[in-house]
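Participant: Sequence:
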Amino acid sequence: QPRLGELTVSHVTPSSVQLEWSVLEGTFDSFTVQYRDAQGQPQALAVDGGSRTVTVPGLSPSRRYKFNLYGVWGRKRIGFISTDAVTGEGFCIPHLSAIKSEDEKPSEPRLGELTASHVTPDSVQLEWSVPEGTLDSFTVQYKDAQGQPQVVPVDGGSRTVTVRGLSPSRRYKFNLYGVWGRKRLGPISTDAVTGEGKEPVYAPCCAFCVTAAVEPEEEPPSEPRLGELTASHVTPDSVQLEWSVPEGTLDSFTVQYKDAQGQPQVVPVDGGSHTVTVA
Numbered sequence: 001q002p003r004l005g006e007l008t009v010s011h012v013t014p015s016s017v018q019l020e021w022s023v024l025e026g027t028f029d030s031f032t033v034q035y036r037d038a039q040g041q042p043q044a045l046a047v048d049g050g051s052r053t054v055t056v057p058g059l060s061p062s063r064r065y066k067f068n069l070y071g072v073w074g075r076k077r078i079g080f081i082s083t084d085a086v087t088g089e090g091f092c093i094p095h096l097s098a099i100k101s102e103d104e105k106p107s108e109p110r111l112g113e114l115t116a117s118h119v120t121p122d123s124v125q126l127e128w129s130v131p132e133g134t135l136d137s138f139t140v141q142y143k144d145a146q147g148q149p150q151v152v153p154v155d156g157g158s159r160t161v162t163v164r165g166l167s168p169s170r171r172y173k174f175n176l177y178g179v180w181g182r183k184r185l186g187p188i189s190t191d192a193v194t195g196e197g198k199e200p201v202y203a204p205c206c207a208f209c210v211t212a213a214v215e216p217e218e219e220p221p222s223e224p225r226l227g228e229l230t231a232s233h234v235t236p237d238s239v240q241l242e243w244s245v246p247e248g249t250l251d252s253f254t255v256q257y258k259d260a261q262g263q264p265q266v267v268p269v270d271g272g273s274h275t276v277t278v279a
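Position one of the sequence shown corresponds to residue 1 (full-length UniProt numbering), numbered consecutively onward.
Since no wrong hints were added, every one of them can be taken at face value.
Cβ-Cβ distance ranges computed for the label pairs, FRET-style:
no. : residue 1 : residue 2 : range
1   : Gly181    : Ala231    : 37 to 47 Å
2   : Ser51     : Thr115    : 26 to 36 Å
3   : Arg225    : Pro131    : 40 to 50 Å
4   : Pro246    : Val23     : 32 to 42 Å
5   : Thr27     : Pro149    : 30 to 40 Å
6   : Leu24     : Val193    : 41 to 51 Å
7   : Ser273    : Ser22     : 19 to 29 Å
Subject to a maximum C-alpha distance of 27 Å in a straight line, what follows is the list of computed DSSO-like cross-link-like pairs (lysine-lysine):
no. : residue 1 : residue 2
8   : Lys183    : Lys143
9   : Lys258    : Lys143
10  : Lys173    : Lys258
11  : Lys173    : Lys183
12  : Lys173    : Lys143
13  : Lys66     : Lys258
14  : Lys183    : Lys66
15  : Lys258    : Lys76
16  : Lys66     : Lys76
Don't read these hints as lab results, they were simulated from the structure.
In this text, a Cβ means the ideal position worked out from N, Cα and C, and glycines have one as well.
Using the sequences and the hints given, assemble the complete structure.
Facilitator: What follows is the structure, encoded as structure tokens:
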């Protein structure tokens, strides 16, 4: 069984915290970072198993946050390890070492254009350019079908992201910000209208529902069939779900449930997966 090491804070700005961690033994399939935002709402970031660092954006200045990191290994969630961090003040404090001539300062990066490169009934793929410089991270902001603001964090090396869990035949406006040190640059914006929806294939269950979208074709193959949905591993704050597809293949899955406050939640899952942990 793999073993987590130490979780540390390597870089802090007024609106973001960069976390780093170690793995003393073995390898993990993925990691999950959990924390509460300024309104006290629980937030979670999924990180692939090969990473040892992540930037948590969209935080509030001069505020203490506690971060918990879990490791996912097969069907087990291992951990957690924790650390606290206080975000910086919302303005830049001059420092003697920072007093340089204009020639010595690095040029501020510049965001280019944001475009919607691929649209389906429930997702939009966004692409953007950075004509000058490099950025620490990006943040995509939009409002869902209920008018609630949503945030998608993206690492600084990426130039594309797919926003999932959208509603069919609906216009969305996406704003992309770049984070550079203590500054938030942008936004650049684009609009996109999701495609028309097709009646999904539903698998009835108790508290959780998995839906699968089937793309229409002129001469469609035999329609895939969902099998059984089971809860394979349960902890006080998470449930691991598994399901089967006895026939055919599906493009993606969506897990829907209501949280403790009765608010609907959506977890998108790629079509190749048959398991997900709801934490």
